[in-house]
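Q: Listed here are the chains, written in short residue letters.
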Amino acid sequence: MMETGRKTGLSRLFSPRWSTESHTGTVVVLVVMIILQTLVLGFDYDSVGHWFSAWGRNWINILRNNAAIGIIALGMTFVIITGGIDLAVGSTLVAIGAASMMMIDIGPKGFLGNLGVTGPFAYAITIICAILMGLILGALTGLLITKGRIAPFVATLGTMKILRSVTQHFMQGYNPRVPRDFLQISNLQVGGLMFMPIIYWLAIAAVLIYVSQRTVFGRQVIAVGSNERAAQLSGVNVDRVKVGAYALTGILVAIASIIQVARIGTMDFANAGSGYEMDAIAAAVVGGTSMRGGRGTIIGTVLGMLIIAVMNNLLNLFGVPPFLREAAKGLIVIAAVLFQRKDNV
Amino acid sequence: MISMKNIWKSFGSNQVLKDVSITINSGEICALIGENGAGKSTLMNILGGVLPADSGTIYLKGQPVQFANPAESLRAGIAFIHQELNLVNDLPVFENMFLGREIRRRGGTLDLETMMAKTEDLFKRMNIDLDPRAMVRDLDASYKQIVEICRAILMDASIIIMDEPTTSLTEPEIKRVFQMMETLRDQGVGIIFISHKLNEVMEICERYMVLRDGELVAEGQVQDVTPDALARFMVGHDVRSEQLSRVMQIGNEILRVENLSHKHAFRNVSFAVRRGEILGFTGLLGDGRSELFQAIFGADAVASGKVFLDGKEVRIHSTEQALELGIGYLPRNRKENGIIKDMNIFENATIVTWPMYSKRGVIDKTRQEAIFARQREQMGIRMQRLTDNISTLSGGNQQKIVLAKWLAARPKVLILDNPTQGVDVGAKEEIYDVILALAEEGMAIIVLSSEAQEIIRLCDRALVMYQGHIQGEVSGSTMNEHDIMKLATGGILNAG
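Residue numbers (numbering that gives the first Met the number 0), protein chains in the order written: chain A, 0 to 344; chain B, 0 to 495.
Because the hints were derived from the structure by calculation, they are not lab data.
Please read these numbers as outputs of a predicted model, since none were measured by experiment.
Be careful, since some hints might not be right.
Listed below are the simulated DSS-like cross-link pairs for lysine-lysine, each with C-alpha atoms no more than 30 Å apart in a straight line [as the list claims (entries may be wrong)]:
| id | chain 1 | residue 1 | chain 2 | residue 2 |
| --- | --- | --- | --- | --- |
| 1 | B | Lys334 | A | Lys146 |
| 2 | B | Lys117 | B | Lys143 |
| 3 | B | Lys311 | A | Lys146 |
With the rest of the complex left out, here is chain B (with noise of 0.2 Å):
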């Protein structure tokens, strides 16, 4: 019902779309994939109205229309919803419904009671069990997601685009937002599902159109595909899915700690790491491992318990502490957590070095940047100059980048929080290897991860989390997302 026909689009000299046709029909959910940059966002954001093509032609209903903005795509029934979800947490979810189109009286004073009304009639009919007096701060992220696709019904939406909406939900959350999708998917609404993770386009679409390159390379029915010639497809050769091997050297304890515990958020953690091992943590979000970790790395409220280095108790109050000691925290939640969007990629990628490298307080550019230099070419990071801003780079670069700056520090122990969050499949795959090679050098690593499958490839073994405590471990081959989901959710391995 709504069609893109001949879509270009390029950025100065670079060519984002070549000549793109799509179509998306009432009713069914259609997954839109490709690698970080191969020019989902932009096509969605020509659609919705966010960006001109520089030649080509929408068709809505067999007519060709022209969106000059937002609000006339809107108009038109097409909602888009970004992955930085536009709701306001001190506001409650009815008044959230209604953002910018407030029912008013006739004094101009808002009329609640409708609003009220309006949105528990709209819960009703969608069958959500949703309190619309609910504060938006106090849901869950997979209710806020439900919040802004109600939104876009109550606009009277006929196309929806959803930009990633399960990257920071959990499992049980996705299927509520799913079930939701199918919902609207009956009600005859088309939904455009934009995702990088492709167990999900197996389960939830219909349809799939693969990007790469700026070009429409693949398009058909999800269930005469699998999930490996998808991810042929996004990065135009074959992606390894197989336990990823390393020259293994294990060596000595390096971090311990003991029975740490915090007011809320884990109680009781026990563990160990050696020179040369991949650890993972993994379990379902809210399951309380970031927060353990950034209190082992001094960026928190201390916890109680024991941690020790090298055998040696330690008491970390300041992330500079961990620094000095050799921990390293890579962040998850790369734009809020990791890059300073005021600064450069250079300076992103020495932030946490300049004390090292400095002489009297004074930055020793020259040596940063050979440093730099280096990693540069050792992770493929792909970029122009070092003075340009951080939000110039792709996410898989970004990522690098933020990498990098703890590379730097050559850390003994160097904690990764979700490392591969809101990459491509290649720039994941490239991160992996600088993973692997950093454990043959004998560095102890502990990768946090709600991805089973990455956990699987990557770690020697993996302690699953649930609501705070260590619920099992798993190890070596044996390792499966059955045996980690059960965990997750509170199950226990049978014994043997």
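Just chain A, same shape as in the assembly (with noise of 0.2 Å):
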């Protein structure tokens, strides 16, 4: 039989050649919506430096508004490709934020104010516990799934009811004020823009690049995903590779924490994150990240957060009523899927 090779996700409709790794129709996709965009946007300016300067902060906006949901989205695409999922992204984010903020908080009830520290250093220790603890949660739900033997939708429903319920009980009546200085990860300015968020995104992009195509780790997981017993009579420890997969989740959404955490200094408990797994999900998906496991990049589920946010964008600009956005984001996302189908069968 013919092996005509498969395209992944929305790149089949533009990609004639075979290559696991094209981007051709994602990249398409992401132009046009581009192009009409800018012509949305219009061309009602005096001069070509006030066009490009409303358009350039147009994207700066789009960009910032989805860092958060895009670091996540790159761990979700890991866990994905080894054929798991985790739905308990929002719910880390809010349980890390609350933390964190309970520690910078420069109220009476703040715990490194009580222990004397303050300022950079009390910001740098909070981080870095934001990130230990994201590792831990993800490795615990890691553990859950692979020794527990839990499977991935169930154990991370789970775990999505216990630290929402959790951090919001907690909570209760308490609102940390968050220092003025700690809000500049978020909200430093250069030339009068706001863009710090998009760097740690495109930065953490660029690191998980290389992880997922030249590291053991990264190619680990496809292996995994792909075919779970072969990888395991190949010598991969199977267990270890989702349970990383799941930790390194759980460390970008620390980092999404902190970012949201600093941009405006307070969170909605009851509210924050939720909806992120979804998001993250949709963006991986649309990147052509197949949800049986094996297949999937990161540099698609860039482009897959590309596509939503700029979509997003356009429903507001063309005055697109706000409830009937999410359709289109839905609609985009089984569109993505049938595609990838057509592909297997």
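With the hints as a guide, dock the two chains, each given alone in a separate frame, to form the complex.
A: This is how it looks when you write it as structure tokens:
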């Protein structure tokens, strides 16, 4: 039988040649959206300079608003490639956010403040603790799934409920005050522009592209997701790879959480981060990651996130009622999966 | 009654079938043999309506016919039973018989009684002792095969194509399937039997057709031909069948197993293997040898008993640990356990050694490429680009890739479970040569195989398993199929 090869996600629409890492289709969709967006923004400016600065600001807004989910989606991609899923990312974000805010609170209950630790040193400790907390929560989830043999969907559905509810309970009537300087992490202005979250996102994506393509861990993730038994019989420690993927996601959620806390200095513990798991999954799927595991790329997920983000912005510019925007998101996810399934027949 | 005339077929620049003409008569079993890649599957896929021919005609009872899809071919009475059976494990036998063509009552509900009755009726007519209510999951491989055949009969098939039906069957199961085939033949059904096993062809078929490189190179009556001649037709030159010889330098004992037991699969297994030795493990399918070595390799639940490596007791809990200790295991069932379909050739060939040849977690691609380039030459792996998907390779070359990934790790003990499964005669010999060379270099090799011929040709001595324990040992030049079969079926050899 002839092997014609399989393209991933939307790329099948446009890419005639075989490559598991082709993103032509996704890129084309994105470019079309960018052009549309540019047209909708219009050229009604007195100079090219003004137009460009409006265009650029619009872009920075889009990217900044999606940086946190974009970072989480990168971890989600690893998890999905192993054949798993992590529904708890939103709740983990809130839990870590709450813990971080308690540490740096400048009010009477602030943990580090009471120890006499303040300023940049306190921020550093907070960030390190947040990352450790993400790592531990992620690793525990991974252990539940591997050693505990609980299906990823069920295990993370459980941790999602637990983390959200426990966080809300402990944060009742407590509103930590985040020091102003801490907000610089997300709001530092360079040349009048605020783009720090974007830098974090793209830098992490660059590192993870390398991890996914060149490292033992990155390739073992693919092997485990594609054929777990064959990977195991090739000497791959399947459990450790899976735990690693969830732990990595935990770390990325922690980073996203710090970025969120530092953006406005408060967090709505009941609602913050809810729906992030679905947005992250959507970004991965639109970018060509297969929910069956074994296939997916970090670049794809970045592109997928961009497509969703630009589309949101477009719908906004078009004046589509906010309640309908989610429907558009739903449609594009379904379309992406439809093309994927065609590939697998 | 059905014939294919002047069939041509190419995939891109690759000419797969060159002017092939064949005929299959009613009431005969006809063997279609050839190496992997000879064009057997393509030819049968054209007959089964899976692929269109570039040119040529199919005649059914003298009339030209065209099959646009498998359903049309089936309607014309041609049933194709693929190697991977199309049965649903979680449904009972009789529902599987009507899969996709369920009988319904007027309201749209399933008419289970009628389906049940029809199945019972057919089983009675075919003399099959099988409860239609049994779950397919609980059937052994031969009965699954038989259910597939019955389904074909239920669809009034007059030609049945069977693609390597005996690959995963034990000796008694093969007998059962053969009986069924003979019953069908006597009822006037024509059967095309695709197989690699020449002794089976000799046993069950009346006629043979041999494809080589897309051409029909020989056909005739089985009674007029020897297995050696058939093998020669397939590869185009003489085939070795004598015991393979090598420079034997048996060294120190390297792996010793004492009283290894497992809940169900095996019990009280003890043996030892030395450097440079090729030790065989054989028996019927389900004798527990795969489970035994997967346990030693750390892939499954820990068994009780002791394992010694280089004289030191080891407790192996994971395959990763086994690899670090120097034990390699090439699994049976390449498709499920060996190849990783979403990865390319190069990655499949190097996965085992990623952790060994890496710096701070980053894979040393240059070094891996150098190693693979050498292996590619030594093992004669025929492939295009490193980045091609693994599934673009033929079975034999895929198996060489799976072997290559273990050789790169240079294990002290290499366990080969069915190393030539689904591999054609030529590639088989090449794999044997690799195994012999490894033994000469001092590696201890354990070959698991249910083919007595393979054990006899390759191994210095062999342990025969029966229902989870070692029933006996055969060794040296006195090894023969008769003794092996006797032990494998629970008998004992007379002393002396």
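Q: So which of those numbered hints doesn't the model satisfy?
A: Per hint list: zero violations.
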